[in-house]
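> The primary structure of each chain is shown beneath.
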Amino acid sequence: MELSMSGGALRTFTRCATCLARVGSDLVLQAHPAKLELHTLNSSRSAYASISLAREFFDDFRLSAPAAAASAPSSPPLQCSVLLKSVLSVLRTPTAALDRIAASLPHPDAPKLQLTLHCLNGVKKTYWISCSAEAEVQTLSLDRGSFSSHLTIRPRDLARLLSNFQSSLQELTVIATDPAAGLSNVGVDGEVEGKAVELRSYIDPTKDDCDTRLHTQLWIDPIEEFVEYVHSGDPVDVTFGVKELKAFLTFCEGCEVDILLFFQKAGEPVLLVPKFGLDDGSSSDFDATLVLATMLVSQLTDSNVAQQPANSAQHAEPRVSATPPPVPENVSNHTKIWSELSGSAPKSFEVNREKHTQKGRNANANALNDTSMLHSVNAPFKTPVADNANDPYPKSLQLNIANLSPDVVSDNPRSQHHPSNWVGADEEDDDEEEDEELFVQTTPHYMD
Amino acid sequence: MSSSTSGRDDDAPDLICQIDCVHGMVDALSSVRWKRHQDAVLELSEHGIVVIVEESGCLQAKVYLKRELFMEYEYAAEGRPRFGLSLGLLVDCLNTFSAPGHSSAVEIRYPGPDMQLLLKSVGSPDSCMYAEIRTRIPDTISWDYHFEHAANTQVTFTVKSAVLKESIEDLEWPGSSIQIQMQPDPPSVIFKGEGHGDLEIEFPYYANTELLIAFQCDQEIAYRYKYKFLRATTSNFPSSIMKENRGSKVSIGNGGMLKIQHLVSVARPGMQYFRNVAGGAQQPSRIAYIEFFVKPEEDENNMNDA
Numbered sequence: 008m009e010l011s012m013s014g015g016a017l018r019t020f021t022r023c024a025t026c027l028a029r030v031g032s033d034l035v036l037q038a039h040p041a042k043l044e045l046h047t048l049n050s051s052r053s054a055y056a057s058i059s060l061a062r063e064f065f066d067d068f069r070l071s072a073p074a075a076a077a078s079a080p081s082s083p084p085l086q087c088s089v090l091l092k093s094v095l096s097v098l099r100t101p102t103a104a105l106d107r108i109a110a111s112l113p114h115p116d117a118p119k120l121q122l123t124l125h126c127l128n129g130v131k132k133t134y135w136i137s138c139s140a141e142a143e144v145q146t147l148s149l150d151r152g153s154f155s156s157h158l159t160i161r162p163r164d165l166a167r168l169l170s171n172f173q174s175s176l177q178e179l180t181v182i183a184t185d186p187a188a189g190l191s192n193v194g195v196d197g198e199v200e201g202k203a204v205e206l207r208s209y210i211d212p213t214k215d216d217c218d219t220r221l222h223t224q225l226w227i228d229p230i231e232e233f234v235e236y237v238h239s240g241d242p243v244d245v246t247f248g249v250k251e252l253k254a255f256l257t258f259c260e261g262c263e264v265d266i267l268l269f270f271q272k273a274g275e276p277v278l279l280v281p282k283f284g285l286d287d288g289s290s291s292d293f294d295a296t297l298v299l300a301t302m303l304v305s306q307l308t309d310s311n312v313a314q315q316p317a318n319s320a321q322h323a324e325p326r327v328s329a330t331p332p333p334v335p336e337n338v339s340n341h342t343k344i345w346s347e348l349s350g351s352a353p354k355s356f357e358v359n360r361e362k363h364t365q366k367g368r369n370a371n372a373n374a375l376n377d378t379s380m381l382h383s384v385n386a387p388f389k390t391p392v393a394d395n396a397n398d399p400y401p402k403s404l405q406l407n408i409a410n411l412s413p414d415v416v417s418d419n420p421r422s423q424h425h426p427s428n429w430v431g432a433d434e435e436d437d438d439e440e441e442d443e444e445l446f447v448q449t450t451p452h453y454m455d
Numbered sequence: 010m011s012s013s014t015s016g017r018d019d020d021a022p023d024l025i026c027q028i029d030c031v032h033g034m035v036d037a038l039s040s041v042r043w044k045r046h047q048d049a050v051l052e053l054s055e056h057g058i059v060v061i062v063e064e065s066g067c068l069q070a071k072v073y074l075k076r077e078l079f080m081e082y083e084y085a086a087e088g089r090p091r092f093g094l095s096l097g098l099l100v101d102c103l104n105t106f107s108a109p110g111h112s113s114a115v116e117i118r119y120p121g122p123d124m125q126l127l128l129k130s131v132g133s134p135d136s137c138m139y140a141e142i143r144t145r146i147p148d149t150i151s152w153d154y155h156f157e158h159a160a161n162t163q164v165t166f167t168v169k170s171a172v173l174k175e176s177i178e179d180l181e182w183p184g185s186s187i188q189i190q191m192q193p194d195p196p197s198v199i200f201k202g203e204g205h206g207d208l209e210i211e212f213p214y215y216a217n218t219e220l221l222i223a224f225q226c227d228q229e230i231a232y233r234y235k236y237k238f239l240r241a242t243t244s245n246f247p248s249s250i251m252k253e254n255r256g257s258k259v260s261i262g263n264g265g266m267l268k269i270q271h272l273v274s275v276a277r278p279g280m281q282y283f284r285n286v287a288g289g290a291q292q293p294s295r296i297a298y299i300e301f302f303v304k305p306e307e308d309e310n311n312m313n314d315a
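So the protein lines, in turn, are chains A and B.
My numbering puts the first sequence at residues 8 to 455.
My numbering puts the second sequence at residues 10 to 315.
Source of the hints: derived by calculation from the structure; they are not laboratory data.
Owing to the predicted nature of the structure, the values given are computational and were not obtained by experimental measurement.
A portion of the hints provided could be inaccurate.
Each computed SDA-like pair below joins lysine to any residue, with the alpha-carbon atoms no more than 25 angstroms apart [what the hints assert, rightly or not]:
(1) B:K268 x A:K272
(2) A:K131 x B:S65
(3) B:K258 x A:L127
(4) A:K119 x B:R145
(5) A:K272 x A:T219
(6) B:K252 x A:K272
(7) A:K92 x B:K268
(8) A:K131 x B:G121
One-sided excerpt, in silico: chain A residues whose CB lies under 7 angstroms from chain B [what the hints assert, rightly or not]:
(9) S96
(10) N128
(11) V130
(12) Y134
(13) I136
(14) S139
(15) F172
(16) R220
Simulated restraints on C-beta separations [stated by the list, open to error]:
(17) A:P118 x B:I222: 35 to 41 angstroms
(18) A:E9 x B:E306: 31 to 37 angstroms
(19) A:Q173 x B:E229: 55 to 61 angstroms
(20) B:I222 x A:E231: 45 to 51 angstroms
(21) A:S32 x B:S244: 27 to 33 angstroms
(22) A:R18 x B:S136: 38 to 44 angstroms
(23) B:S136 x A:L127: 49 to 55 angstroms
(24) B:N104 x A:R18: 37 to 43 angstroms
(25) B:E178 x A:E9: 50 to 56 angstroms
(26) A:A104 x B:A86: 46 to 52 angstroms
(27) A:T257 x B:M138: 48 to 54 angstroms
(28) A:A166 x B:S65: 49 to 55 angstroms
(29) A:S32 x B:H46: 36 to 42 angstroms
(30) B:D227 x A:S13: 44 to 50 angstroms
Backbone N, C-alpha and C define an ideal beta-carbon position, used for all residues, glycine too.
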């Protein structure tokens with residue numbers, strides 16, 4: 008494979024590399040006749056980023072004959088895997104000083120990927136990056152049509168919303184309600200048009216510093232904040248990682264495109280893509296995808312039991328930890344469902360991926376292997392599903408943590424948080440009436 | 010030698026000199042700082058002051074402060090006195106004299122009553138800052154990295170200092186040993202580093218007329234140098250080198266000894282220039298010369314002729 012790019016494509020490429028480097032550590036390059044694909048998966052397997060660069064993106068893009076033949080549907084495409092850290096080292100030279108970059112992978116088994124930077128001042132820098140021995144092939148393609156809801160937001164606006172949260176926030180919950188749903192008891196003025204979307208910080212209550220961290224809730228009027236918002240029916244919530252979201256945000260901001268977020272419900276992955284304007288033809292030579300696993304546990308419960316599901320990072324096996332606090336009377340179907348599921352001994356595990364994955368893997372022999380293919384899972388409770396068109400996404404993507412041993416840790420099954428600290432639909436709480444700019448009304452009552 | 014027979018006053022210090030812009034001197038001396046603690050040897054002569062710094066017998070740096078840089082330069086020694094002191098101490102001390110808003114003219118005097126180096130601020134009638142730095146006899150005879158050009162001809166190139174610095178910084182990635190290769194046909198300079206990844210940086214002579222300002226090479230040669238020493242030659246440039254778009258001259262001499270020369274401007278731009286000591290009407294050149302010498306690694310792959 009030989010390719011060469013210059014000008015604006017260089018800047019985009021650098022942006023791609025920076026974004027991918029914030030998600031994972033290994034970059035898999037796959038060369039198809041019509042495009043080059045760059046994939047990465049983060050270490051806890053909860054985020055998958057993929058960027059596709061069409062042939063037109065490059066000044067020159069050639070696959071040598073055997074490689075081109077190799078990309079027949081039956082055989083795997085030309086691919087190699089390199090460290091993103093090395094790619095970033097190559098891209099240290101400021102783009103403004105570059106005339107063009109050429110890349111070359113002479114044959115599929117080449118031990119090194121060659122990148123040549125031609126600088127405007129005449130200097131020529133040639134890098135050879137070692138290819139990793141085994142290229143773990145992950146291709147994940149989700150059908151956008153399979154998502155029931157989506158929203159489009161400008162990166163600038165999303166950055167502004169995120170700035171309300173503690174910068175070290177790791178997970179974020181997006182609660183989406185139907186803006187058309189009748190909202191009887193919303194606020195003092197009884198406005199029907201409420202803030203249909205809520206952003207909520209997700210803090211793992213089992214961690215020691217849970218109570219010292221900033222908890223934030225943001226209610227949003229989709230009409231004001233989003234370019235587009237499509238959601239109907241029951242409220243859904245999705246909780247996913249912020250670090251990768253921010254990486255994608257920076258990427259879209261640099262490319263000057265809006266962010267399109269597809270979601271379905273808790274536990275199912277969310278899909279983020281750049282929304283290229285219909286009249287913006289120049290943007291069609293590349294595309295990007297970010298798939299984030301979401302927590303299986305829904306945050307949508309009555310406020311008094313809001314702590315309960317937050318205690319557990321639930322896995323495909325629906326075991327919810329924590330003793331259920333008293334359930335109020337006006338429970339919706341949602342709450343009912345969650346209460347039924349709870350009842351097993353409280354156990355504490357960290358939602359936080361990195362450390363968690365380590366612990367999990369040590370604790371259990373069934374742990375996901377680093378080298379295992381994405382779609383072959385050692386999970387005993389879910390049938391491994393092959394990566395085929397019928398199943399748009401492998402279930403294992405949800406399993407950001409391996410199956411942990413069922414040891415009971417009774418330390419801190421519940422947050423020390425007093426329920427009334429958590430602003431919710433509790434009408435008796437006077438704090439609700441405080442006229443803070445973004446906290447005007449509570450989330451429309453989505454129960455019942 | 011008794012004072013009665015000699016016409017000279019034996020008590021006169023070897024050197025009294027005054028520099029008007031301490032900041033510039035600090036810049037020049039800082040460019041040879043690559044470690045926290047470095048011992049320097051100062052050599053005084055009628056031509057100026059030379060500051061010599063050395064590391065592990067493989068790297069040597071010299072800063073030449075010609076007498077023309079000084080507002081005044083009274084040299085009264087016989088021979089060339091040499092003494093050692095801590096470079097960091099000297100630079101930090103000089104820095105304290107260059108407070109903003111004050112005239113930063115400093116008088117340097119050697120030796121003091123106890124062989125110290127004496128510094129005194131001048132120019133301000135109301136106050137005076139005074140410093141003494143203890144000196145010592147240099148431990149080792151700093152051997153002159155005898156630099157000889159190869160056989161008949163020089164092998165040298167001159168490139169923008171900023172480009173050289175950037176290239177050396179890029180070479181941090183591959184590994185600890187860098188090969189510098191020069192070839193006459195096509196004329197180019199190639200830096201190579203190998204490690205967990207490989208990097209080759211080439212300065213082709215014909216790529217851009219402004220890249221290699223000068224280039225001279227008759228035969229292909231290549232030598233390896235330790236990265237950390239190469240790095241030391243460019244890591245502490247003052248920013249004025251980049252702003253003034255200066256060039257650095259790189260030469261490879263007999264046996265592969267690498268010599269890198271930089272120019273550091275000692276005067277602040279816009280500063281009033283004083284007439285030089287010689288009384289010439291011309292503006293004196295306000296440049297300090299910095300020289301680095303790097304010994305090559307013992308390498309069996311030398312491509313050059315013995």
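> State for each hint whether it applies.
Here is what the structure says about each hint:
At most 25 angstroms may separate the alpha-carbon atoms for a hinted pair to count; B:K268 and A:K272 exceed this at roughly 67 angstroms. With a C-alpha separation of about 33 angstroms, the suggested pairing of A:K131 with B:S65 is violated against the 25 angstroms cut-off. Using a Cα cut-off of 25 angstroms, the hinted pair B:K258 and A:L127 holds, with the two alpha carbons roughly 21 angstroms apart. With a C-alpha separation of about 54 angstroms, the suggested pair A:K119 and B:R145 falls outside the 25 angstroms cut-off, and the hint is violated.
For the suggested pair A:K272 and A:T219, the alpha carbons sit about 29 angstroms apart, so the restraint of at most 25 angstroms is broken. Pair hint B:K252 plus A:K272 does not hold up; C-alpha atoms about 57 angstroms apart against a cutoff of 25 angstroms. Taken as a hint, the A:K92 and B:K268 pair is broken in the structure, with Cα atoms around 33 angstroms apart against an allowance of 25 angstroms. Taking the CA atoms of A:K131 and B:G121, the gap is about 54 angstroms. The hint is violated against a cut of 25 angstroms.
Interface restraint check: A:S96 against chain B, minimum CB-CB distance 5 angstroms, threshold 7 angstroms, status holds. Because the closest C-beta pair between A:N128 and chain B is about 6 angstroms apart, less than 7 angstroms, the hint holds. For the restraint placing A:V130 at the interface with chain B, the shortest Cβ-Cβ distance is roughly 6 angstroms, inside the 7 angstroms limit, so the hint holds. Satisfaction of the interface hint for A:Y134 is found here, the shortest Cβ-Cβ separation to chain B being roughly 5 angstroms, below the 7 angstroms cut-off.
Among the interface hints, the one on A:I136 holds; its C-beta lies about 5 angstroms from the nearest C-beta in chain B, closer than the 7 angstroms criterion. For A:S139, the shortest C-beta to C-beta distance to chain B is roughly 12 angstroms, which exceeds 7 angstroms, and the interface hint is violated. Annotation: A:F172 was flagged as interfacial toward chain B, and the flag is violated, the nearest CB pair being 36 angstroms apart, outside 7 angstroms. For A:R220, the shortest C-beta to C-beta distance to chain B is roughly 38 angstroms, which exceeds 7 angstroms, and the interface hint is violated.
Roughly 38 angstroms separates the CB atoms of A:P118 and B:I222, a value that falls within the hinted 35 to 41 angstroms. Taking the beta carbon of each, A:E9 and B:E306 are about 35 angstroms apart, inside 31 to 37 angstroms as hinted. The supplied range of 55 to 61 angstroms is met by A:Q173 and B:E229, whose beta-carbon atoms lie about 60 angstroms from each other. B:I222 and A:E231 have their C-beta atoms about 59 angstroms apart, which leaves the hinted 45 to 51 angstroms range violated.
Here the CB-CB span from A:S32 to B:S244 is close to 29 angstroms, well matched to the stated 27 to 33 angstroms. At roughly 55 angstroms, the beta-carbon separation of A:R18 and B:S136 lies outside the given 38 to 44 angstroms, and the hint is violated. For the pair B:S136 and A:L127, the beta carbons lie near 51 angstroms from each other, so the given range of 49 to 55 angstroms is met. The given range of 37 to 43 angstroms is respected by B:N104 and A:R18, whose C-beta atoms sit roughly 41 angstroms from each other.
Hint check: B:E178 to A:E9, Cβ distance near 28 angstroms, so the stated range 50 to 56 angstroms is violated. Separated by about 50 angstroms at the C-beta atoms, A:A104 and B:A86 satisfy the suggested range of 46 to 52 angstroms. A hinted range of 48 to 54 angstroms holds for the C-beta pair A:T257 and B:M138, which are about 50 angstroms apart. The hinted window of 49 to 55 angstroms between A:A166 and B:S65 holds, with their beta carbons roughly 50 angstroms apart.
Judged by the Cβ atoms, the range 36 to 42 angstroms given for A:S32 and B:H46 holds: they are separated by roughly 37 angstroms. A C-beta distance of roughly 36 angstroms is found between B:D227 and A:S13, which places it outside the suggested range of 44 to 50 angstroms.
The structure is inconsistent with the numbered hints 1, 2, 4, 5, 6, 7, 8, 14, 15, 16, 20, 22, 25 and 30, although it conforms to all the rest.
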